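Participant: Sequence:
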Amino acid sequence: MSDPLDAPYPLDPLVIDRFREQGFIRLKQVLPADLLADYGAEITRLTLALNTETRPLAERDTYDRAFLQVMNLWRHSEKVRRFVFGKRLAGIAARLIGAEGVRLYHDQSLYKEPSGGITPAHADQYYWPFASDKTVTVWIPLQPVPPEMGPLAFFAGSHREAFGRDLPISDESEAAITAAMEARAFPLDEAPYDLGEASFHLGWTFHRAGANRAATPRSVMTMIYFDRDMRVAAPANMMQANDLATWLPGVQPGEPAASPLNPVLFEAA
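Here the working numbering is used: position 63 in the sequence shown is 61, and no number is missing along the way.
Hints in this document: simulated from the structure, not taken from any laboratory.
Since this is a predicted model, take the numbers as computed values, not measurements.
Heads up, a few of these hints could be off.
What follows is a list of derived Cβ distance ranges for each label pair [said to hold, decoys possible]:
1) 18 to 166: 22 to 30 Å
2) 51 to 166: 13 to 21 Å
3) 244 to 52: 16 to 24 Å
4) 0 to 168: 40 to 48 Å
5) 235 to 10: 31 to 39 Å
6) 183 to 58: 30 to 38 Å
7) 188 to 10: 20 to 28 Å
8) 9 to 163: 23 to 31 Å
9) 73 to 239: 20 to 28 Å
Heads up, the beta-carbon is just placed ideally off N, CA and C, and yes, glycines get one too.
Taking the hints into account, I'd like the entire structure generated from these sequences.
Facilitator: Here's what the structure looks like:
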């Protein structure tokens, strides 16, 4: 029997069309519950072990109340590496963005503590020094995410909206982007997640998450993929300059985005 992490996922062309129209898609039964429990335990263990945030929630700003986050867990655990390098999720990402293959930008564990605050509205690609928009993030809950735990929510169709692309995640981005999305009638999809469900969203899709009002943490693993043939753009802000140095070490603007930290995870046969 094939490993679920590598087994192809059936993706109807109408689903791909919907993804490109909305800028996101939610997919059911992407990974089995027992696999998520197994790998999720290691992801959560490492997140808590490597996290450097020690302040109580009351002493943190909005961004730091949103979640504990640790990147590139794959470099700390062979087990997590197996999860992150799985061809199933990478293959979905490649088909959604119409790429012959995808590379890993980085993984990111997002652990929203009980009473953790909102994740303000933002677009991820504000932070990324890429020359095109062929980027996609998979958001994989490691437990069911009912409304009270703060499921990731998307402004449908907002990936075509220019307003807000210059705003880092903050109280300002939450207020300004939410107001702009409402004024432009982009509906907010804030449905809960079943265990095994995952969402994929484009780099310029605006999204947010509510606070965790539950008594238990909301543990999520994400991977960011980009077109195998992507090139690096000159950083447009200090955040992109930092990302270039951190996640694409040694790569210069105009060159292929292909440092040793960015392996190809999927290529079409």
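Participant: Could you check the hint for me, namely that residue 183 and residue 58 are 30 to 38 Å apart, CB to CB?
Facilitator: Given a distance of about 34 Å, which is inside 30 to 38 Å, the answer is holds.
Participant: Is the hinted range of 22 to 30 Å satisfied by the C-beta distance from residue 18 to residue 166?
Facilitator: The hint (22 to 30 Å, Cβ to Cβ) holds, given that residue 18 and residue 166 are roughly 26 Å apart.
Participant: Range hint 16 to 24 Å: satisfied by the CB atoms of residue 244 and residue 52?
Facilitator: holds, 22 Å
Participant: Using the Cβ atoms, figure out if residue 0 sits within 40 to 48 Å of residue 168.
Facilitator: holds, 44 Å
Participant: Honestly, do residue 51 and residue 166 meet the 13 to 21 Å range at C-beta?
Facilitator: holds, 18 Å
Participant: Residue 73 and residue 239, beta-carbon distance inside 20 to 28 Å?
Facilitator: holds, 22 Å
Participant: Falls inside 31 to 39 Å, the C-beta gap from residue 235 to residue 10?
Facilitator: Between residue 235 and residue 10, where Cβ atoms are some 38 Å apart, the hint holds.
Participant: At the C-beta level, are residue 188 and residue 10 separated by a distance inside 20 to 28 Å?
Facilitator: At 24 Å between Cβs, range holds.
Participant: Just to be sure I understand the hint, the distance between the Cβ atoms of residue 9 and residue 163 should be within 23 to 31 Å; is that true here?
Facilitator: holds, 28 Å
In summary, the structure agrees with every hint in the numbered list given earlier.
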